[in-house]
Every structure is written in C-alpha cells, then in structure tokens.
Amino acid sequence: MSANRVRVVVTGLGATTPVGGDVTSTWAALLAGQSGVETLTADWIDTVPVKFAGTAAADPAEVLPRPEARRLDRSEQFALVAAREAWQDAGAPEVAPERLGVVVSSGIGGINTTLAAYDTYRERGWNRLSPFTVPMLMPNGPAAWIGLDLGAQAGVHATVSACASGAEAIGSALDMIRAGRADVVVAGGTEAAIHGLNIAAFAAARAMSTRNDDPAGASRPWDRDRDGFVLGEGAGIVVLESEEHAKARGARIYAYCAGVGYSADAHHITQPEPEGRGIIMAMTQALNDAGVSGLDVKHVNAHATSTPAGDVGEVQAVAKAIGTHPLVTSTKSMTGHLLGGAGGIESVFTIKALQERIVPATINLDNLDDGIEVDLVYGENRTLPEGDIAAVNNSFGFGGHNVCVVFKGA
Amino acid sequence: MAATEQEILEGLGKIINEITGIPASEVTPEKSFVDDLDIDSLSMVEIAVAAQDEFGVEIPDDQLKNLKTVKDVLSFIQG
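Line by line, the protein sequences are chains A and B.
Oh and the first sequence: position 370 is 370 in the numbering used here, straight run, nothing missing.
Oh and the second sequence: position 40 is 40 in the numbering used here, straight run, nothing missing.
Everything labelled a hint here was simulated from the structure, so no lab data went into it.
Incorrect hints may appear among the rest.
The calculated label-pair distances, taken between Cβ atoms and stated as ranges, are [as the list claims (entries may be wrong)]:
| hint | chain 1 | residue 1 | chain 2 | residue 2 | range |
| --- | --- | --- | --- | --- | --- |
| 1 | A | Asn127 | B | Pro23 | 26 to 36 Å |
| 2 | A | Leu148 | B | Glu54 | 22 to 32 Å |
| 3 | B | Val57 | A | Ile253 | 51 to 61 Å |
| 4 | A | Gly91 | B | Asp40 | 29 to 39 Å |
| 5 | A | Pro131 | B | Asp35 | 19 to 29 Å |
| 6 | B | Val34 | A | Gly399 | 42 to 52 Å |
| 7 | A | Lys247 | B | Asp35 | 40 to 50 Å |
Not everything, but these chain A residues come out facing chain B in the computed CB check (under 8 Å) [said to hold, decoys possible]:
| hint | residue |
| --- | --- |
| 8 | Ser130 |
| 9 | Pro131 |
| 10 | Phe132 |
Values in this document were obtained by computation on a predicted structure and should not be read as measured data.
Cβ coordinates follow ideal geometry from the N, Cα and C atoms, glycine included.
Looking at chain A on its own, in the form it has when it is part of the complex (with noise of 0.2 Å):
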C-alpha cells in the first residue's frame, strides 16, 4: 500500500431488506435474531418446487411516489429507497456534479419487468408496452436513476458478478475514489427477483432449499441439515467519500473502506473451487491492499448461503488467509440471499458491526458441520474488541467470481 494514497470512508448507509425497511430496523431484526423468510402466496408458486422466500419488509412501491414508483423495475425501486436514505443518512453531501459518481449494481437486472413486458407484448401488441420497459430492464437502471437524483456526473456504473456484484460495487467504488475521479461515490447492490422463472431456474440448478415446512429455518449456513439457499430480495448502500472530503465539511465517519481484493475462480460456472483458492487470492489481496494483517480483522461477514458445496470451503479458505480467530457469522441466515443485492446489505451490516462493535449470531446453526475451525457465531450475538480492528465482507457469485471487501473501524 502506497502512503499517500487517498485514505477512503464510509458516511452514509441505507437498506431495506427482508427485516426491516431501513438500516435502523434491519439491524434492530438481525440483532434480535428475527428471520424475514415466509411462504410465499404469489398465483404461480403451484409450479416451482420452492414454496418461500425474503420478501421486502416494506414494499418500495408504497414508499415511493407513485408515478415514480410506476417507472421503475422492482429493483430500481429498491436500490432508489435504499440511495436516498444512504445519502440523508451522510448529511446530503455537498458536492460538485462532476466529482461525484454512482457504481450500483444488481445480479440479474429488471427481470420482473422483462418477464411482464414479454407477456404484455405477446397478448395485447407492442403499442401496449410502458415507453419505460427499457429502462426499467436494463441492469444499469438502478445505477442510473441514482445517478439521475442525485445528478451524479463523475460515471455511473453497473458492475455486474452475479452474486458478487454488489461487493464489487462497492470495491469499484473505492477504485473510483482513489483513482482520483471522484470525491463522493454511492455504492452497493440491490435485487427483486422473486418470481416464478428465476426460482424455477435456481431450483433447477439444485441452489435452492426446499425446506417448505419451516421458511424460517431454511437458510441454515454450516448446519448439517442445510440444503440449498434462500431468495431474498432488497437492497443495501453506502455513500463512500475521501477522507479529506468527509473532514473537510464535518462528516460522522462508520468506517474506513480501507481495501478490496477480487479474483476469479477459472474453475466452473456455478461449482465452487473445492480448494478455495480463489477466495483465499481475493481475501489475502484485499488484506494487502489495505495496509492490515490477518490479525487485524476481528469479524468476517461470510458469504455463506446455506448451499452444501459452499459453506465450509469458505471458512477453511478464511481460516488459510485471515485465520481462525476472526468472529464469523452469516446474515443470510436471517436475510436469505439477495443475490446481487447481498453485498450491499452485508456491507452495511459489516460496517455497523464495527461502528457498534457487536456480530449477530447466525441462526438455524443447530448441528455445526464437520471441518469448521473458524469461530463463528451463533446462539447469541458476541462483541467485538475495542481498538483499532478491520472486518471483511465476502461475496461470490456464479461465474466464480469473488470480492472481499475491508472495512477499518474509525
């Protein structure tokens, strides 16, 4: 790490999840434990094996004006909500245009709307479709109607990595800021995929639970008894800023995004490299580019989907490239999965871990899995020590993709 580098922070947060319509009552639901995953009653889950998901705790349809609501996909939606309270949450920055820019990104972009769209088209003609469909399709929509409302002129982008795309988002945008091209960046990842299509898809691909018994007890990251992972849906921000800029107008600092590692499996499209390797190289990049040792990171917010394949491998690759002390915990457990949302919210989490020095526990951990040397968290919420600590958010998605993101205690 060069040491005059642009030093980078976090000064604002925003979510809505499948726990709770904002950061202050998703973390309230993630400390007490509380899962967001219920059956679902939609008229076509007669046709798909998996019968549950992480709806949104608060429809963003109802929180957004309705002609602006009615514009855009379910995941702009989202993402939007989740912007504007990410930027209140960072004092409405000031800032010139032209220094400031937007990365946001999702794993599947609009596909609600391309599905309903597909249906309008074929049963009543292409005079029936919204002038909108296109932008309320396109994966760089989210991104875009930020960048719109804020009037962000530095380059929106839309990173996309399937389930990694909202940590790299959030890496691009720290990039983006030490490169010198911004002062302020909105980041993160937003998802609504829960539809019919893509849970048939997923189950198709063998990812999915299929737990419909118990909705709350599927997402089970290193239990024995897990099978598969759990959709959720939402979206997590953060506003990201130089730290001269923050200190410059009086900002309250969470965190520094102090580095980010990224790597590529080269291995298999859906199947994890069973050596971790690839998550080892993005993990020990990410601890180098910020400037701390393995020692230094109190708290992983593991990837962990409840997915057999994935779990453990991802706490043995921990346990090789940070070690075995770092309190590890996966909010998935009570989330579900948001896909390319998932880094964003789990940056969030990460960061208030650290502002507040807490993990919450991991729930449905019943029977801890053989093979495990990490200390993870469940049963109840542990504290994390005073001082100067580091935490890591991993996400990695189809593709084999990984992003590992570091976050510094301010």
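Using the hints, position chain B against chain A.
Only chain B this time, still in chain A's reference frame:
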C-alpha cells in the same frame, strides 16, 4: 353508450394523475400538456396507452403529436 365529455375528462384526469402525479383537478380542457402541465413526450405515450385501454380508442403516433391540449384529446376520443 358513449361517455360524456365530463366523464372522459374525469377519466383522463385520473390517468394523468396516476402517471404524472398532477392533481386531476388541474386537468382542464384549456391546458396545454407541454406548456401548462409540463408533461414530456414519453409521458404522453404512457397517457395514450392508458387512454386506449380506458376509452377503447386507438391513438396512432402521427395523431398523438397533434394532441396539444386536454381539449384536443377530449375531441379525439369523442370522434
């Protein structure tokens, strides 16, 4: 049974309110969509699509661009 001008005006006001947020009470015959109501061309397409569903009258694109005021739309729908 054909709708009266008042019924069409009320229906149009509801559509415009739904799409733009402009209060239906401001949608009066003499208003210009662009100059008075600040409605852009894509919103006009949305309004036309909704009006076609509501009133069962097709509004072709080459006609839509000639509909400058609320009164123009009322007249078009009434034929």
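So, going through the hints one by one against the coordinates:
1. Asn127(A) to Pro23(B): 26 to 36 Å: holds, 28 Å
2. Leu148(A) to Glu54(B): 22 to 32 Å: holds, 29 Å
3. Val57(B) to Ile253(A): 51 to 61 Å: Between Val57(B) and Ile253(A), where Cβ atoms are some 59 Å apart, the hint holds.
4. Gly91(A) to Asp40(B): 29 to 39 Å: holds, 32 Å
5. Pro131(A) to Asp35(B): 19 to 29 Å: holds, 21 Å
6. Val34(B) to Gly399(A): 42 to 52 Å: The hint (42 to 52 Å, Cβ to Cβ) holds, given that Val34(B) and Gly399(A) are roughly 46 Å apart.
7. Lys247(A) to Asp35(B): 40 to 50 Å: Because 47 Å falls inside the window, the suggested range holds.
8. Ser130: Since chain B brings a Cβ to about 6 Å from Ser130(A), closer than 8 Å, the hint holds.
9. Pro131: holds, 4 Å
10. Phe132: holds, 7 Å
Hint compliance for this structure: no hint is broken.
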